[in-house]
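A.B. asks: These protein sequence lines are chains A and B, in that order. Just so we're aligned, residue 250 is where the first sequence starts under the working numbering, counting upward by one. Just so we're aligned, residue 250 is where the second sequence starts under the working numbering, counting upward by one.
Label-pair distances were calculated between CB atoms; the ranges are:
no. : chain 1 : residue 1 : chain 2 : residue 2 : range
1   : A       : Glu-344   : B       : Asp-514   : 29 to 39 Å
2   : B       : Thr-278   : A       : Glu-344   : 28 to 38 Å
3   : B       : Thr-285   : A       : Val-474   : 38 to 48 Å
4   : A       : Asn-252   : B       : Asp-514   : 50 to 60 Å
5   : B       : Lys-477   : A       : Glu-473   : 47 to 57 Å
6   : A       : Val-474   : B       : Ala-507   : 52 to 62 Å
7   : A       : Glu-473   : B       : Thr-278   : 39 to 49 Å
8   : B       : Thr-285   : A       : Glu-517   : 28 to 38 Å
Bear in mind the hints are in silico, worked out from the structure with no lab data behind them. All residues carry an ideal CB built from backbone N, CA and C; glycine is no exception.
There are 2 protein chains.
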Amino acid sequence: MVNLLEALNLPHIDEDLARVEGALRRAVTAEDPFLTEVAGHLVHAGGKRLRPALVLATALTAVPHVTDDVVQGGVSVELVHLGSLYHDDVMDEAEVRRGVQSVNARWGNLVAILAGDFLLARASEIAAGLGTEVAALLAATIGRLCEGQIGELQTAYNVERTEEAYLQAIAGKTAMLMSTACRVGALVAQLPRPEVEALTSLGRSFGMVFQIVDDILDIVETEEVLGKPSGHDMVEGVYTLPVIRALALATSGGDLRALLGRPLDAPEREKARAIVRASGGVEAAAGVARRFADEAVAHGRGVDGAETLGELGHRLIDSLPVEAS
Amino acid sequence: MVNLLEALNLPHIDEDLARVEGALRRAVTAEDPFLTEVAGHLVHAGGKRLRPALVLATALTAVPHVTDDVVQGGVSVELVHLGSLYHDDVMDEAEVRRGVQSVNARWGNLVAILAGDFLLARASEIAAGLGTEVAALLAATIGRLCEGQIGELQTAYNVERTEEAYLQAIAGKTAMLMSTACRVGALVAQLPRPEVEALTSLGRSFGMVFQIVDDILDIVETEEVLGKPSGHDMVEGVYTLPVIRALALATSGGDLRALLGRPLDAPEREKARAIVRASGGVEAAAGVARRFADEAVAHGRGVDGAETLGELGHRLIDSLPVEAS
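Chain A with its partners taken away, still in its complex shape (with noise of 0.2 Å):
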């Protein structure tokens, strides 16, 4: 995998996230410090926050340096997304994340909810000192991922998913976010209105090439290479693009839909993920990805200084071990 903050290419970027890391840590800490020890194992265990870089990345088109309400809409925008977090492993029971134990696994359903709500209600505090414009998107993208996971929800074990209700799941769940990111970034830093919707616009589109690639690294990657295990959106019943292209095709739809409908074993698993790696799905699903990252390039082209940015999702793409068709 590309690492996405180099690719960013952004002089002080260490620097600069090592600001909205201080601002995060001092953001989670509540009165009462059981409170405070759950609100912030997460963002103890550490992340990549490509999120808050995203903020960073479309502020610094505008502004020579990082400002104080930049740090505080990276970390607004990555307490949404590490809520988010809180609440999908109570949903999925997930043990571990990010290579520490999970907030339900360690202090059960009921803290890991209230400790999620209260990463969102965080985010949202925070964002209303950037202004109601800022505040009503935080708002607004929590709803949208609330609705992207209840898509995701409603289409479990369903062989007969669409690619549309897929690219509608993902666009809550995943891409609002990235969108928002940018957005914030270019709020903040007071760009003009067509360069805020085009940075809006390009994070949209990255944030679908990154759900894409993501889910085909679930296909194509070992489990050493993703650091949790492979295939898990198959077992959960979470049927991706690579997955949905592999159903459609005549030679791999068959034997893939017999397996498919249900919760798979082990073996099964890896017979499933067998079948769409050489079907010719995953390819087809980068040749998805690669048209949403021609879009980001083309709302990239709209902004002085948003080059780099807009190439983010070719890189990943490039990335890839398998070819786009």
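Given chain A's structure and the hints, the job is docking chain B onto it.
C.D. replies: Leaving out everything else, chain B in the frame of chain A:
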């Protein structure tokens, strides 16, 4: 129980709350029809809408008619309440809420968590439309709700739970949102700052009364009167003020302590309730509630037209079937 909406003595309360109701239903409409159904489930189940009524009542101390912004303030506060109920019911594994099947019982925990997130996000989005101060306040309120709930979880089944820990937990889980309801009404109606602060404090004091009275009713009333199982708090290990007071008394403390500290079956629950009722703990708790009700009156004196609102806590206590000591 006294009818608090009547006790507020607002001339057009029915018409004004009907406007809140319409706006509430529009607010929970999502793009996805399934999410719309789930998010609207508890809205359609009805409810007294006490918190929106507090928003209306505080605003009407300053303005002659309820504006659309006041209505939206009421909607945002009620959405916080509803969203927190969705998550509460997941945590309590509740089967029934407001006479209908709970969301978690009907659609599962995953859907209930997401729909609760969605309602909280809609609350924040609407609050953002009322300005950054209201937006920040709503977000901080959600954070305090979480802190109050976490505080309650931490002291579950702890017979050494202190009165201070109890008061702090109910300040977060109940009084903060009542206080916020009053503050939102005052802010949206653009009252001067001293009146905003007085009404905020009035709401907090009333909220404390409201929760203590609720906790007393759980001990003294029958399931038929409550419309839900009585003694439920003790069964769940939530030791409220009447219980804490009974535990502290030499005459009742020993027997009660021997029963508590673990889940109770129905006969044990009735035995524990009888001990608390006979102990004087209920009357002592009502006495604490009366002190908060007196505070509310004092805060109400600082604002023209807030006298009736200030008396609301006393009206609640007067309706109890016990005397305060």
